[in-house]
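Chemist: Each chain is listed here by its residues.
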Amino acid sequence: MLYRESGQFKTSYKADMAIFPIRQDLWGLITTLIVAVVIVPLFASEHMIVGYLLPFMIWSIAAIGLNILTGYAGQLSLGHGAFMAVGAYSAYNLAVRIPDLPLLAVFIGAGLIAAACGVVVGSPSLRIKGFYLAVATLAAQFFSEWVFATFPWFVGGAASMVIDTPKMSLFGYPIESNLDNYFLVLGFVIVTTLLAKNLVRSEIGRAWMAVRDMDVAAEVIGIRPLYTKLSAFAVSSFFAGIAGALYAFCYVKSVDFTAFDLFVSLKVLFMIIIGGMGSILGCFLGAAFIVILPILLNVAAHHLTGGNVSPELITNIEHMTFGGLIVYFLIVEPHGLARMWTTAKEKLRLWPFPH
Amino acid sequence: MIRKLLVSLVSGLMLTATAGMSVMAAEEKSDPNKEQFFPVLSYWSGPFAPGGSGIAGGWMDYMALLNIRDGGVNGVKLTWEKCDFGYVTERAVECYERLKNKGKHGAAVFWPMSTGTTYALMERAHKDKKVLLHMGYGRTDATDGRVFPYAFPAMTNYWNQSSAKLRYIAQLEGGEGNLKGKKIVNLHLKHPYGIETIPVWDKLAARFGFEVTHLPVPWPGIDQKSLWLQIRKIKPDYVINRNWGVSCTVPLREAARIGFPRDHIIGVWWCGSEEDVIPAGKSAKGYITATFHATGPDFPVIQEIFEHVYGNMKGNLSAARVGSVYYNRGVAGAIVTMEALRNAQAKFGNVALSGEQYRWGMENFNLTAERIEELGATGILPPFSMKCDDHEGSGQVRFQQWDGTKWSMISDWIAPYHELTRKMILDSAAKYAKEKGITPRSGDSMGSDCG
Amino acid sequence: MPEELAWFLEVLIAGLLSGVMYSLVALGFVLIFKASGVFNFAQGAMVLFAALTFARFLEMGINFWFAAAITLFIMVVLAVIIERVMLRPLVAQPVIILFMATIGLNYFLEGLAQGVWDTQVHALDLGIEDVPWQSVMDATNILISLFDVWAAVICGALVVMLAYFFQKGRIGRALRAVADDNQAAMSVGIPLQLIWAIVWAAAGLVALVAGALWGQRLGVQFSISLVALKALPVLILGGFNSIAGAIIGGLIIGAAEKLAEVYLGPIIGGGIEAWFAYLIAMLFLMVRPQGLFGEKIIERV
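Here the protein sequences come in this chain order: A, B and C. To convert, note that position 251 of the first sequence is 251 in this note's numbering; the numbers rise steadily by one, no gaps. Start counting at 1 in the second sequence, then tack on 1000, and there's your number in this note's numbering. Start counting at 1 in the third sequence, then tack on 2000, and there's your number in this note's numbering.
For the record, the hints were derived by calculation from the structure and aren't laboratory data.
Here chain B is said to cover these stretches of chain A; the calculated rule only asks that three of the stretch's residues, wherever they fall, bring their Cβ under 8 Å from a Cβ of chain B: (1) 48–60; (2) 311–323.
These stretches of chain B come out as covered by chain A in the derived footprint (C-beta under 8 Å, 3 or more residues): (3) 1080–1094; (4) 1113–1121; (5) 1181–1192; (6) 1426–1438.
For glycine and all other residues, C-beta sits at the position ideal for the given N, C-alpha and C.
With the hints as constraints, model all of the structure from the sequences given.
Modeler: Here it is in structure tokens:
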């Protein structure tokens, strides 16, 4: 009853092409934003913010990046962690070597450097396709780990090759507490989400999808494959770079090359598959599933067993339940959580009179 | 389809709800003033589970011993909660936030249990005023307590360990003069923990005139053939085994394959447990490693744990592992933790203490030989004291050898080259202070003197 | 023989033999990919599960061959369950979905293996000594590990067996039909479910052999599941659906990465093995985008 679009008339093409053509979606979004901006800071505990929300938001940005490349442009990448690493290390070097650089410039600069690396890594994508493209991105993954482990220049000469992120301040306001970090990351989440949502609706977004669906056909109708594929790599790596920089600066505050290993790349890939390929909402759902669910399962198992059983049993239960849930959700809805949401919306539009 | 969808939605919601409710249930507290809470962050799963479970087991067993035998520490009951982070730094941060506010004044001290976690928690712990006790791992430069007021690599750190290893090698060779012209291979995991001792070895090599080759083992180090081919060509006098987990075991097999004598492989203490050598079978016989505590069940304190804790079925590990290397490391760590607690209680009263108060106990720490004897732990750890500008204290290391069935101690406490490492530590700490904008302490409101 | 040449040969042979150990892991992936087009992410967890089960049975004092037989039986049961519970409902879904399902399976098996047994390290002794081959050593001063030679022999026998099983006879023909086109195979009456169960069981056998051989080296613990990482470049170079590709890819990767580490590593910083394998694979793919044994890709609109 509540979710219904009758009475909402679209009187122009512009209205028809709005990001949220249905008013309830817009309200939903506004509610989410109010919760994120007002309710969470007022009521959430530090554990809630640091343990769940910060990683969730940062991984969501990373997932949006990969979804643009893999979900929208159809280029499989197993090297997303490498671009996150490039972002984190670039941000560190920018901040330390140019002390007067404003914080936003540090993050955006980190994203741009990551984007440049993305273009280089993506250049074989014209020749190598499909699953085999994964090799180029895998090479980037292992190569970046090796570079950041071998050359002390990137870490400012620390013997252990670990970087400690410097102090941050935004327009003279020092960013210190967990809440400050939360707001900074939230700002980036909002901006990047809007950017991504609009990019995929624009001409370039349609070109990406055309290449994804069949690149030879796309070429025939006049889409430049080189430009399209490389732009997808660049945008995707830009997002990854920002996510990596935020991960280092706002969340862990100290990273080394093992923080962005192959399993990180795989983790982001899992997020977009579980969440839904080619869906921005799916990135958030997937990130929540992969980042938050295991912790919730662990906490739940811990309390259901009274905290007296061995922790290895709890972790094993967590892994088994988590694995079981992945398979279960795939069987129920193979196209990801975002599709499940869309299906639910379709039902809601008709409910309670489906005929 | 709808039904399936609904079922999955409802089950998802229920799951979240139960998790949320149980989180709330845990907020309840009981008799907070006479309880000191200890968070136990460790890993019981994942690639390094043997190490994590062993150390945490020893640690919790010692606390259980104090609770059962003495009713806690000076009447303050010890409580703790486990959190398994599986050696994943991100999960460790979550564990830290989950546990830091438990107990009356929150947790006073954290054992981060991995190098990555130590680095990640450094700033948070400093801000929240929680002590980080990372014995034998973590940040070496945290030894400079003026820059790192809340971090304690108590007893010994990696740089001192490496220099102590060299002093031991010099002993084997019959004097420092004989080191000249010797060849040492520093086989290390390509991981922050493995890399960080490279400068120390370079400095030592320059000073004593031996030749050092650094061979990095790519993570996870399950295939090290190419490195041992190089070692076969270099023909070194000694090989340093600085690995972790499975990559500790592989070198022993590889050494057997090329016929390199095992008693010329000197392992780091994280490569010196039963779990590292047993899978290597006969190949491990004769292998030597450093350690900062003694191994074996033949100490009064371990026997008392058997009697009181395992006798009452309160043990946190299978009884077969009591007295093993990791177990005793946990007990040694627990002894330091509890002695510091007593210290702080003497000043602030026998009640639940905060992290700031606990830190006082750490910075004015003085463990004498008599006290160790009283605790029934003679030999397990050396007498040592910590100060504001020295959060390490001892730096002394012992060496043990695997005889095919058990570890036996083959050296007494060996001192490191303090004068060489101290300068490196101060330089590294100064760099950290500059980057983070920290002014090193000189005096201190809590009473410890940093003159 | 000049010393430098002997040294080169030693590195080369060691690399080739390492490559065989990689191929062994890669075989498990290939079998499943051939039959269902799925990259089985859980292969590493299957190695862990098989090796841990085997090692714990041996620890209980059960006879070697009997323990192997029980473990194999358990792997077969596991294959049947996986087919029933996971694969059957997902039939005809896109490949990426099946891939994701194997990730779920991976978590499940990791939890199950360590939950049923434990997370400790277990020694596994196959009775094959890891010592130099003395007669070769005396004659040429080249060091070849006897253990590696045995591993190569076992791997060879396994490949011959699998190749025979999957090329000849009814099951072999059915398997090739399924590999070619699931739907078409079903429509001519080939029992897809049975074939899948058989293939997963065979992958379980490969996991057991790989787990036992690697387990002797590493000890059996969670880390053994990481051997899957070593198979990845092999698969990419050799192609995901060719048994011969897995073997030859393994040999190339093994030899190339050892030579690179020994000759190039000291110059540019060491530890380059991890990415060098992928660099080779990528350069190779630039020349031949369909992989070593892949068929030429013809694109139509």
